[in-house]
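Engineer: What follows is each chain in one-letter form.
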Amino acid sequence: MSASDLLLFGEIGADRYLSLDEVPDRRRNEFVERAWSVYVEYFDAFTGAALDPVFHRIDNAPLSRGGLRFSSDSRALIVGTGPSSRSSLDAITRHRDGALILTSPRGAAMLAGAGLHADIVLIEHTSCLEAELSVREPAEWSPGPGTWVAVEPKTPPALVHLVATDRLYVPIPWFGWGLWPATAVAMALYGGCSHVGLLGIDLGIAGALDPQYAPLSALLTTLAHVPMIQFADCGATGAQKPGWPKLPLSGFVPGASRPVLEATLSQASPSHHRMVEERSLIESLKEVAGESREMFAVALRARAGSTGFDSSLAKSVRRMLEWGRDTRLRQALQEGLGLSYLPRFWRTGIDLGRRADRNWRPVVLALRELVGQIEALNKRIADVSGTALRGGRE
Amino acid sequence: MSLRFLHVVESLRRGGIETTFLNILRAFSDLHDEAPLEHHVLAFSGGPLEAAYREAAASLVIASSTADITLCLNRRYDVVNLVFDRCAHRLAPLLLARFDGAVFYSKGYDMSAMYRLQGGFEWCAEDALLAACDGVSFTTPDLARLYDLPPGRLTALCKAVDFDSFARVPAVSEATPNRVLCIANLHARKRLGDLVRALRLLLKVVPDAEMRVVGEGSPFEVEKLQQEVQSDGLSERFVIAGRSDDVAAEIKECRVVALPSESEGVPTALLEAMSARRPVVCTRVGHVETLVTDGSEGYIVQPGDVSAMADYLAEILLDRALAKRLGEAAHARALKHNLKPVAWEHLAALRRAAAVDASSLA
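Just so you know, the protein sequences line up as chains G and C, in that order. With this note's numbering, the residue at position 184 of the first sequence is 184, and numbering never jumps. Take the position in the second sequence, starting the count at 1, then add 394; the result is the number in this note's numbering.
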């Protein structure tokens, strides 16, 4: 297993591939195939974790990008807010110097209550809806003097602005599947940790896994297959996690010394460069946008009960599926516009065989989103340009 | 022609939508229809309502993996009813791509609707989903107006309550303690700390007043509220009762129900109290004002206005005639949300979606 396998792990989670066949043979191995089967079984072969449908990336100020590396033999402790960590705050305090602590904003708030600060706080969400929940019900926390805060370009600006620190950065590479504990484990591994522990990532009680956490459990089990690394579950309670044997915190950090972090960061492109990229994205999608509007209009007429559109709808379906075979276009639509339905159809296919009169439904679903997102992005670019122009005049 | 429905819920936990939908499902079974109807349920995860759902539905499948869900969907259903946004976003693309039957989206006051109503969150994927389904229902006309949908595909339903069960709760009597009840899961958005502060003020004018909170919460939230109660020296008067399996029995022992939340949809707890002739004191949030008119069935205050809440609670506890008048008005208002007529309308909307499906075969 190599660093490249972790990169591929991240790419799978970012929905870069429609099938395992798209991954070059030389990069495929047992770890990658395991990750892929988790992707299919628990995520319906589409996480949506990389989507930015509300275009927060445009609203965020340019952020530093790069990675953190840790001293050799470092131990990383991924701290969640489950009951097993709440009952271990004294132990964490005693052993604080023995491990890097990675956590979420809610974890940081919990630790702050015990006078502790994490080394890295990771702000990650499964979807824009979950991100919006965090904006409206934010965790009350602030970074300690040495805390690094890892965000995504799509993290809502309201959450980014809450963090007053020059240690804010976008991790590159990114390993996110939308589930921050798994991302934190991958970051720790990529950064060079030799021991990774979980505390407060309970996922259930009394040994039994709560089914809602099955995807996260599967991801953690996959990551625990990385060789030459010691994994441990330092939580006394919680579900069993295959690959993560129970070990008390005192056993995980036996007299270890505080790991050292080294940051390698670069400045992001200035805003006006990014706006050039956004305009260029819109320009590149002009033809697709035009076709989409026409096909959408036909589908709406079919929805209203007009007949005679069976072959047009079938043609629309075939055209939408064709777009998925062009990897560059696929990336533009998915990562550029934040589309979620077309990418799913590229994976499931659309059944044209049975009821031709129903074919308006997937066309309306996919193209209502596509057309809407293009309009939304155009409007956002116009708003930002207008603001910049007014700023220039002032 | 018989019809097979599959209703998809996210979990079988005790929550507003899961409990409300269970009541609707039970009402479906009581409705007599000329055609045989089968109601099946798919839940992504289990919970305490499992036994109740098994009893109410023709079958219950609990499945979270793609393979198991697909197996369930492969049994023939005429209509798949997706309850709330998380279920809809997960399953609708697959259904709309590969499924013959109608797809119906029962969109209540879920997270995406709440944020849309509050402003600042427009989500194209949600609009696309609503546009592509064969039918959509909302729990208030206000919500329906937020989305641009053709009238034939949308139904504005009422929030439903098991009125008959709660109407049987005995009226307030002289023996009823001066108790304020709050039925709410312990969550920061419920602002239950405001009840502690309100009780402190209330005790100055109603010395035998007491407060009881019934609902589930994380150990963290329970501990936090307990600490507030203890530091105010109110442990004798403020009880955090935990979950209750018999909300009607809790309501029987109170004179008024309070809900101090900063965010709500159409609260079931208020409707249950109102059905049982209890006046309510609640906050001006969400769609509360579709249930309660200030001064008519109870009182409405701004979130965080603890002294206004305490004043109104005192008024109700001290003035028996006022409390009775408000309670009767609340009862009459709650009748409009009676389960059976709402369930009938909901079922009619589901059948219309199936009929649209059938007619397109012609």
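Rather than coming from a laboratory, the hints here were simulated on the basis of the structure. Among the hints, a few may not be true.
[To be verified] Computed far set for chain G versus chain C, every beta-carbon distance over 12 Å:
#, residue
1, ASP5
2, ARG65
3, GLY82
4, GLY115
5, GLU140
6, ALA158
7, SER250
8, LEU261
9, SER271
10, HIS273
11, SER280
12, PHE296
13, ARG325
14, ASP326
15, ARG347
[Unchecked claim] If the Cβ cut is set under 8 Å, some of the chain G residues that face chain C in the computed set are:
#, residue
16, ASP44
17, GLY255
18, ARG258
As the structure is a computational prediction, the values presented were derived from the model and not from experiment. For every residue, glycine included, the Cβ atom is placed at its ideal position computed from N, Cα and C.
Engineer: Take the hints in turn and mark each one as holding or not.
Structural biologist: How the hints compare with the structure:
no., hint, verdict
1, ASP5, "24 Å, holds"
2, ARG65, "27 Å, holds"
3, GLY82, "10 Å, violated"
4, GLY115, "17 Å, holds"
5, GLU140, "10 Å, violated"
6, ALA158, "10 Å, violated"
7, SER250, "24 Å, holds"
8, LEU261, "30 Å, holds"
9, SER271, "22 Å, holds"
10, HIS273, "26 Å, holds"
11, SER280, "21 Å, holds"
12, PHE296, "10 Å, violated"
13, ARG325, "17 Å, holds"
14, ASP326, "20 Å, holds"
15, ARG347, "9 Å, violated"
16, ASP44, "5 Å, holds"
17, GLY255, "32 Å, violated"
18, ARG258, "29 Å, violated"
The structure fails hints 3, 5, 6, 12, 15, 17, 18 (numbered hints given earlier, in ascending order).
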